[in-house]
Amino acid sequence: MRRRQVILSAAGVAGAAAFMLGLGAWRTRERAAPNPLLPLPLAAMDWQLTDHLGQDVTPADWLGRPAMVFFGFTYCPDVCPTTLLDIADWLEDLGPDADKLTVALITVDPERDTPQALADYILNFDPRIIGLTGSPDAIARTAANFRVRFEKVPAGEGDYSMNHTAGVFLFRADGRFASIIDFHEDRRFAVPKIRRILA
Amino acid sequence: MKTILLATALLLAAPVAQACETFTIGDISVERAWSRASIGTDRPGVLYLEITNAGATDDALVGIATPADAMLMLHETVVKGGIASMSHVASISVAAGQTVALSPGGFHGMLMGLTEALTEGATFPVTLTFAQAGSVNVTVDVLSMRAEGPGCDDAK
Numbered sequence: 001m002r003r004r005q006v007i008l009s010a011a012g013v014a015g016a017a018a019f020m021l022g023l024g025a026w027r028t029r030e031r032a033a034p035n036p037l038l039p040l041p042l043a044a045m046d047w048q049l050t051d052h053l054g055q056d057v058t059p060a061d062w063l064g065r066p067a068m069v070f071f072g073f074t075y076c077p078d079v080c081p082t083t084l085l086d087i088a089d090w091l092e093d094l095g096p097d098a099d100k101l102t103v104a105l106i107t108v109d110p111e112r113d114t115p116q117a118l119a120d121y122i123l124n125f126d127p128r129i130i131g132l133t134g135s136p137d138a139i140a141r142t143a144a145n146f147r148v149r150f151e152k153v154p155a156g157e158g159d160y161s162m163n164h165t166a167g168v169f170l171f172r173a174d175g176r177f178a179s180i181i182d183f184h185e186d187r188r189f190a191v192p193k194i195r196r197i198l199a
Numbered sequence: 001m002k003t004i005l006l007a008t009a010l011l012l013a014a015p016v017a018q019a020c021e022t023f024t025i026g027d028i029s030v031e032r033a034w035s036r037a038s039i040g041t042d043r044p045g046v047l048y049l050e051i052t053n054a055g056a057t058d059d060a061l062v063g064i065a066t067p068a069d070a071m072l073m074l075h076e077t078v079v080k081g082g083i084a085s086m087s088h089v090a091s092i093s094v095a096a097g098q099t100v101a102l103s104p105g106g107f108h109g110m111l112m113g114l115t116e117a118l119t120e121g122a123t124f125p126v127t128l129t130f131a132q133a134g135s136v137n138v139t140v141d142v143l144s145m146r147a148e149g150p151g152c153d154d155a156k
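Here the protein sequences come in this chain order: A and B.
For the first sequence, my numbering assigns the number 1 to the initial residue and increments by one for each residue that follows.
For the second sequence, my numbering assigns the number 1 to the initial residue and increments by one for each residue that follows.
No lab work stands behind these hints: they were computed from the structure.
Glycine is no exception: its CB is placed at the ideal position from the N, C-alpha and C atoms.
Careful, some of the hints might be misleading.
[Claimed, not checked] Some, not all, of what chain B presents toward chain A, calculated at C-beta under 7 Å:
1) Ile39
2) Arg43
3) Val79
4) Gly82
5) Ile83
6) Val100
7) Ala101
8) Pro104
9) Glu148
Construct the entire structure; sequences and hints are all you get.
Okay, structure coming up:
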């Protein structure tokens with residue numbers, strides 16, 4: 001009986017030690033070099049853009065609140081309205097909690113998307129969404145921080161369209177990247193993902 | 001008098017019912033044709049609809065035109081490796097017995113040279129040409145900029 005207790009407590013100590021080691025390894029891994037495929041933490045980003053009201057915005061301005069960010073452009077007939085409508089629906093589903101989020105559309109088409117053009121567009125969806133634009137260099141730097149890719153595609157007669165990363169990025173209040181909501185992702189998964197950064 | 005009242009009632013009811021109207025040519029029927037209101041004429045408009053081929057022969061949508069737009073084209077949104085792109089498609093096949101939807105995030109008509117802004121509640125005509133069945137004129141309902149689907153009672 002006594003021997004069994006000793007064995008059990010030894011096993012308990014070994015188990016606890018293994019748990020602590022594992023936890024240590026997990027925490028170290030989290031602080032390890034950034035994954036080149038995922039967005040940087042907001043605190044490590046270095047962009048500066050202008051919002052649809054003409055105000056300067058930097059990633060530091062977003063720290064302290066969870067953030068939902070996506071890239072697009074207002075001359076986009078299908079993907080961007082679809083994403084914006086999804087976002088407007090998610091915000092509605094979240095109810096009053098949605099007010100705790102920073103929600104931003106960053107344009108990949110700064111040539112056409114002036115602050116005014118962004119304002120005209122996004123106000124049709126949800127007034128809580130912020131539109132961000134800047135110089136082509138500023139947009140390129142921002143996209144690099146988020147690991148977003150985009151390219152201009154000629155569409156005939158001097159017109160053009162943009163290919164771009166379509167997912168919606170979620171960041172925790174401390175600026176750490178949390179997850180991506182993919183285009184076409186089921187709403188049953190999208191809203192819980194957002195709730196996780198609000199928790 | 002009664003006839004005039006009836007005609008007025010029909011005129012008033014017509015814009016509401018149109019998105020659910022079915023347009024038929026041969027074995028092909030087209031329904032749930034809708035678009036979203038545009039901001040001015042610079043930004044492109046969009047066109048969504050559903051095509052059903054009730055026949056025994058495969059068909060394909062090979063042409064699309066409208067007086068509302070200088071260059072209406074068929075596009076498909078493709079998301080590959082997280083990147084969304086739109087590719088121009090020359091035709092959309094509609095196999096025998098199948099329904100193909102032009103719907104948000106997939107196939108759609110892109111109106112890149114709007115002659116005037118698309119306003120909510122308005123309609124515009126589109127001519128669809130099929131390889132087998134021929135051409136059919138369809139009335140497209142312009143819904144709100146926030147519409148996510150056709151405004152039909154029986155919408156999916």
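Do the hints match the structure? See the list:
1. Ile39: holds (6 Å)
2. Arg43: Arg43 of chain B check passes; min Cβ-Cβ to chain A is 5 Å, inside 7 Å.
3. Val79: Holds: closest Cβ of chain A sits about 5 Å from Val79 of chain B, inside 7 Å.
4. Gly82: holds (5 Å)
5. Ile83: Ile83 of chain B check passes; min Cβ-Cβ to chain A is 6 Å, inside 7 Å.
6. Val100: violated (16 Å)
7. Ala101: For Ala101 of chain B, the interface hint is violated, since the closest Cβ of chain A sits about 13 Å away, which is over 7 Å.
8. Pro104: Hint holds; Pro104 of chain B Cβ to chain A Cβ min 4 Å, cut 7 Å.
9. Glu148: holds (5 Å)
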